[in-house]
Amino acid sequence: MKALIANRLTDGEVVFWNDGAWVERFADAQLFDDDAQAQAVEAQGQAQSTLVVDVYLIDLVEADGIWTPLSYRERLKALGPTNRLDHGKQVEGGAVVDALSHAHTSARSTGRVNLIKRK
Amino acid sequence: MYRYDTLDKEFLADRTAEFREQTARRLAGEITEDQFKPIRLMNGLYLQLHAYMLRVAIPYGSLDSRQLRKLAWIARTYDKGYGHFTTRTNLQFHWIKLADTPDILDALASVDMHAIQTSGNCIRNVTADPFAGATAEEIDDPRVWSEAMRQWSSLHPEFSFLPRKFKIAVTAAPQDRTAAKVHDIGLVIKRARDGALGFEVMVGGGLGRTPYIGSTIREFLPASRLVSYLEAILRVYNRHGRRDNIYKARIKILVAALGAEEFARQVEEEWEKIGTASDLPDTELARIRAAFAPAVFETLPARSEAFEVAKASNPAFARFVRNNVKPHKKAGYAIVEVSLKAIGETPGDASADQMEVVADLAERYGQDDIRVTHEQNLVLPHVKLDDLATVHAGLAAAGLATPNINLISDIIACPGLDYCALANARAIPVAQHIAEKFADQDRAETIGELKIKISGCINACGHHHVGHIGILGVDKKGEEFYQLTLGGSGAEDAAVGQILGPALPANRVAESVDTLVEVYLRERGEGERFLDTFRRLGVAPFKEAVYAEAH
Amino acid sequence: MPKLIRWRDGDAVLDDSAFTAVADEDDVPAGDVIISLSRFQSEGERLLSEGRAVGVRLEASENVEDLVYDLPRIAVVAVAFPKFRDGRGYTTADLLRARYGYRGEVRAVGDVLREQAGFMVRVGFDAFEPADGATPEQWRHAANRHRHVYQRAADGRAPAFAERGE
Numbered sequence: 001m002k003a004l005i006a007n008r009l010t011d012g013e014v015v016f017w018n019d020g021a022w023v024e025r026f027a028d029a030q031l032f033d034d035d036a037q038a039q040a041v042e043a044q045g046q047a048q049s050t051l052v053v054d055v056y057l058i059d060l061v062e063a064d065g066i067w068t069p070l071s072y073r074e075r076l077k078a079l080g081p082t083n084r085l086d087h088g089k090q091v092e093g094g095a096v097v098d099a100l101s102h103a104h105t106s107a108r109s110t111g112r113v114n115l116i117k118r119k
Numbered sequence: 001m002y003r004y005d006t007l008d009k010e011f012l013a014d015r016t017a018e019f020r021e022q023t024a025r026r027l028a029g030e031i032t033e034d035q036f037k038p039i040r041l042m043n044g045l046y047l048q049l050h051a052y053m054l055r056v057a058i059p060y061g062s063l064d065s066r067q068l069r070k071l072a073w074i075a076r077t078y079d080k081g082y083g084h085f086t087t088r089t090n091l092q093f094h095w096i097k098l099a100d101t102p103d104i105l106d107a108l109a110s111v112d113m114h115a116i117q118t119s120g121n122c123i124r125n126v127t128a129d130p131f132a133g134a135t136a137e138e139i140d141d142p143r144v145w146s147e148a149m150r151q152w153s154s155l156h157p158e159f160s161f162l163p164r165k166f167k168i169a170v171t172a173a174p175q176d177r178t179a180a181k182v183h184d185i186g187l188v189i190k191r192a193r194d195g196a197l198g199f200e201v202m203v204g205g206g207l208g209r210t211p212y213i214g215s216t217i218r219e220f221l222p223a224s225r226l227v228s229y230l231e232a233i234l235r236v237y238n239r240h241g242r243r244d245n246i247y248k249a250r251i252k253i254l255v256a257a258l259g260a261e262e263f264a265r266q267v268e269e270e271w272e273k274i275g276t277a278s279d280l281p282d283t284e285l286a287r288i289r290a291a292f293a294p295a296v297f298e299t300l301p302a303r304s305e306a307f308e309v310a311k312a313s314n315p316a317f318a319r320f321v322r323n324n325v326k327p328h329k330k331a332g333y334a335i336v337e338v339s340l341k342a343i344g345e346t347p348g349d350a351s352a353d354q355m356e357v358v359a360d361l362a363e364r365y366g367q368d369d370i371r372v373t374h375e376q377n378l379v380l381p382h383v384k385l386d387d388l389a390t391v392h393a394g395l396a397a398a399g400l401a402t403p404n405i406n407l408i409s410d411i412i413a414c415p416g417l418d419y420c421a422l423a424n425a426r427a428i429p430v431a432q433h434i435a436e437k438f439a440d441q442d443r444a445e446t447i448g449e450l451k452i453k454i455s456g457c458i459n460a461c462g463h464h465h466v467g468h469i470g471i472l473g474v475d476k477k478g479e480e481f482y483q484l485t486l487g488g489s490g491a492e493d494a495a496v497g498q499i500l501g502p503a504l505p506a507n508r509v510a511e512s513v514d515t516l517v518e519v520y521l522r523e524r525g526e527g528e529r530f531l532d533t534f535r536r537l538g539v540a541p542f543k544e545a546v547y548a549e550a551h
Numbered sequence: 001m002p003k004l005i006r007w008r009d010g011d012a013v014l015d016d017s018a019f020t021a022v023a024d025e026d027d028v029p030a031g032d033v034i035i036s037l038s039r040f041q042s043e044g045e046r047l048l049s050e051g052r053a054v055g056v057r058l059e060a061s062e063n064v065e066d067l068v069y070d071l072p073r074i075a076v077v078a079v080a081f082p083k084f085r086d087g088r089g090y091t092t093a094d095l096l097r098a099r100y101g102y103r104g105e106v107r108a109v110g111d112v113l114r115e116q117a118g119f120m121v122r123v124g125f126d127a128f129e130p131a132d133g134a135t136p137e138q139w140r141h142a143a144n145r146h147r148h149v150y151q152r153a154a155d156g157r158a159p160a161f162a163e164r165g166e
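Respectively, the protein sequence lines represent chains A, V and L. Counting in our numbering, the first sequence runs from 1 upward without gaps. Counting in our numbering, the second sequence runs from 1 upward without gaps. Counting in our numbering, the third sequence runs from 1 upward without gaps.
Hints were generated in silico from the structure; no laboratory data involved. All values reported here derive from a predicted model rather than from experimental measurement. Careful: at least some of the hints might be erroneous.
[Claimed, not checked] Derived Cβ-Cβ restraints for the label pairs, each shown as a range: (1) V/R522 <-> A/D35: 54 to 60 Å; (2) A/T82 <-> V/A439: 17 to 23 Å; (3) L/D32 <-> V/A13: 39 to 45 Å; (4) L/D26 <-> V/E268: 39 to 45 Å; (5) L/K83 <-> V/V296: 30 to 36 Å; (6) V/V474 <-> L/G165: 30 to 36 Å.
A virtual CB, placed ideally from N, CA and C, is assigned to each residue, including glycine.
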């Protein structure tokens with residue numbers, strides 16, 4: 001299962017693809033179990049260069065019925081920093097934020113599909 | 001302090017106007033991200049995990065109360081009410097919007113500040129001794145030369161697209177508080193036997209994937225020839241530095257590949273052709289020097305009754321003096337180090353409120369002079385002993401008086417995976433756990449000088465290679481692991497740390513540091529710091545102790 | 001002929017390239033041409049003797065020193081930027097002007113973008129083949145953004161300290 005993540009150009013906010021729009025909460029992200037569909041959407045997102053930057057697919061893993069990013073970096077992107085729990089998306093709380101915060105599963109380093117090397 | 005005149009202010013205004021236009025073009029889609037990225041980097045703007053990060057330049061670590069208050073205002077207005085001081089004495093804001101950045105740069109320019117070239121493949125902030133102008137040890141004021149280099153390097157048309165970033169540090173005292181030996185260029189101010197002022201020039205130091213101690217390519221460069229010599233070095237680097245592999249693009253790789261001798265020869269050959277055309281005239285050097293004319297000091301007795309009484313009656317103040325106060329060249333004055341390493345807090349962070357406290361104290365009691373160190377702390381370089389207790393009380397009320405300078409809990413840590421897109425692991429929680437483990441101040445003083453430096457990835461922004469104990473975050477199958485090194489030093493006795501053993505999981509790092517400390521306390525000789533004991537014994541007893549417990 | 005932006009006395013105008021850029025594998029057509037350094041080294045003499053103006057394209061990895069002897073006879077040096085981030089061309093141009101006193105045309109070719117106009121003009125470029133469709137007006141605007149400079153370069157602009165009348 002995958003999701004599409006990016007940063008919004010104007011403010012750097014982490015956003016996720018949902019059916020043609022970019023949403024701020026991981027809980028609202030569209031999930032893709034079809035690789036071809038995911039890649040098509042990724043190409044669409046990458047073409048929106050005045051809206052978003054650093055667009056890429058991430059792998060998800062399921063725990064207790066909730067899908068979370070496989071990689072620790074992307075869980076942090078979906079949550080916020082661990083040294084300031086009063087900053088970032090985690091402040092909102094809720095079931096998905098809780099699941100992300102407590103995810104213990106071992107994560108692959110980048111979680112980025114195709115392991116494209118970042119600069 | 002260097003005061004901007006009309007020309008300097010117009011320079012900043014033109015620069016911010018330029019970036020405003022460039023940002024508008026990017027938002028309108030007229031330039032691509034690929035084309036825009038070096039531009040925004042050269043204006044200090046990174047895209048990080050959660051938002052953009054703006055790195056404000058604090059040239060040679062020096063600022064005044066007006067500027068620090070503006071940083072506090074920017075933190076409140078555009079960020080989340082705090083900033084992070086870095087190992088290159090700059091200030092980072094971690095929650096910035098691209099769309100706000102032109103306005104932020106205008107706000108900075110209004111107090112003669114900027115974010116010029118704090119990132120990108122160009123010449124970065126020149127750093128210098130934070131005790132400049134206050135310590136009796138210095139041969140000359142390194143700020144004079146740092147300001148000269150700042151101007152020379154700003155929007156240098158030939159050197160704005162180097163193979164990679166370029167960092168210069170200037171030290172002027174026997175004790176090196178700038179880590180000059182691990183910079184692309186490290187300058188050591190010297191006097192020749194005839195009294196002439198000059199520099200020892202070291203090139204090719206650096207940390208990161210391949211750490212190097214810099215090589216001296218010129219023992220003595222007459223001070224007036226600084227700019228032309230730098231141009232020679234930069235030109236050789238610009239032409240011959242590798243551009244095929246970003247991990248091999250720093251000047252240290254070129255110096256290692258050619259050998260220091262051949263590199264020096266090429267520089268001298270180029271320098272001879274450059275001649276004196278680009279050297280600063282004496283009048284300009286004098287103008288800059290005048291800006292740093294010694295602060296007006298009162299004639300005071302060496303001994304301050306108020307100070308002695310306060311020490312005798314307040315153990316907390318006495319402890320603060322023992323650890324955070326250093327001798328000043330003027331009788332009756334002292335250098336005060338302000339720790340941004342409160343136990344359990346994020347190393348190097350200061351809230352807007354805290355910034356204002358420091359600004360107020362500096363203005364009232366400190367000649368309006370504030371410095372930033374490369375160990376992520378602040379300095380009030382000119383405080384009267386008579387006022388020290390008052391200053392301490394003001395700092396203490398704001399959580400800025402932790403008496404741990406150079407002690408085990410005075411940890412350098414990069415922002416790490418909590419903020420940084422380049423990181424493999426978090427650094428901040430590791431620093432916090434270690435600090436908490438050594439929160440007992442008596443124990444910390446017993447241990448003495450012990451510099452722990454933590455980096456969240458091999459880019460080494462936390463300077464882990466030169467930590468007495470260095471900690472490098474690595475990613476092992478998606479889990480955070482930490483590689484420890486021992487025996488590094490960023491001072492005049494610079495050395496790259498030695499690997500202790502296999503990387504440890506996060507939950508073993510603080511206890512392993514404890515074990516290392518126990519070995520040191522057990523084995524140390526008279527007057528030996530941790531670093532000295534390590535140098536005497538080598539890594540074996542430390543390694544054995546840490547990894548024996550794995551059974 | 002590709003359109004060229006020509007820089008003269010602080011102003012930018014559109015002009016014809018006036019030179020045909022010729023790849024190594026192609027025959028040299030009639031008229032004024034820009035050829036590679038290696039081609040110049042083997043055929044330059046002959047081409048010049050035919051009464052043409054000849055220019056040399058210098059790649060980022062090539063040394064301007066290899067041209068110095070022939071500079072008086074070279075009409076154009078086309079300095080290539082394989083990627084706008086490759087800064088070697090700035091050194092090449094500065095050396096051509098300030099060290100070797102070259103008075104011919106120094107042309108920026110390749111990944112040439114208007115946001116770098118200011119730097120290019122300062123190091124002595126006086127002709128540009130923009131890769132981003134920049135107009136002369138846009139080029140002039142970008143190049144003239146800074147009222148003051150802090151260091152000496154090939155353009156001879158007075159650095160700030162000289163402006164202060166010291």
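- Given the hint of 30 to 36 Å, check if L/K83 and V/V296 actually sit that far apart at their C-beta atoms. The hinted range 30 to 36 Å is violated for L/K83 and V/V296, with Cβ atoms some 53 Å apart.
Within 39 to 45 Å or not, the Cβ separation of L/D26 and V/E268? Given range 39 to 45 Å: holds, Cβ gap about 43 Å.
Note to self: Taking 54 to 60 Å as the stated bounds, is the beta-carbon spacing between V/R522 and A/D35 within them?
What the structure shows: holds (58 Å)
Practice task
Check the following: the C-beta atoms of A/T82 and V/A439 are separated by a distance inside 17 to 23 Å.
Solution key: holds (20 Å)
Original post:
Taking 30 to 36 Å as the hint, is the beta-carbon distance of V/V474 and L/G165 inside that range?
Top reply: Distance hint for V/V474, L/G165 is violated at roughly 57 Å.
**OP:** State, for the Cβ atoms of L/D32 and V/A13, whether the hinted interval 39 to 45 Å holds or is violated.
**Re:** holds (44 Å)
Of the numbered hints given earlier, the model fails hints 5, 6; all others are met.
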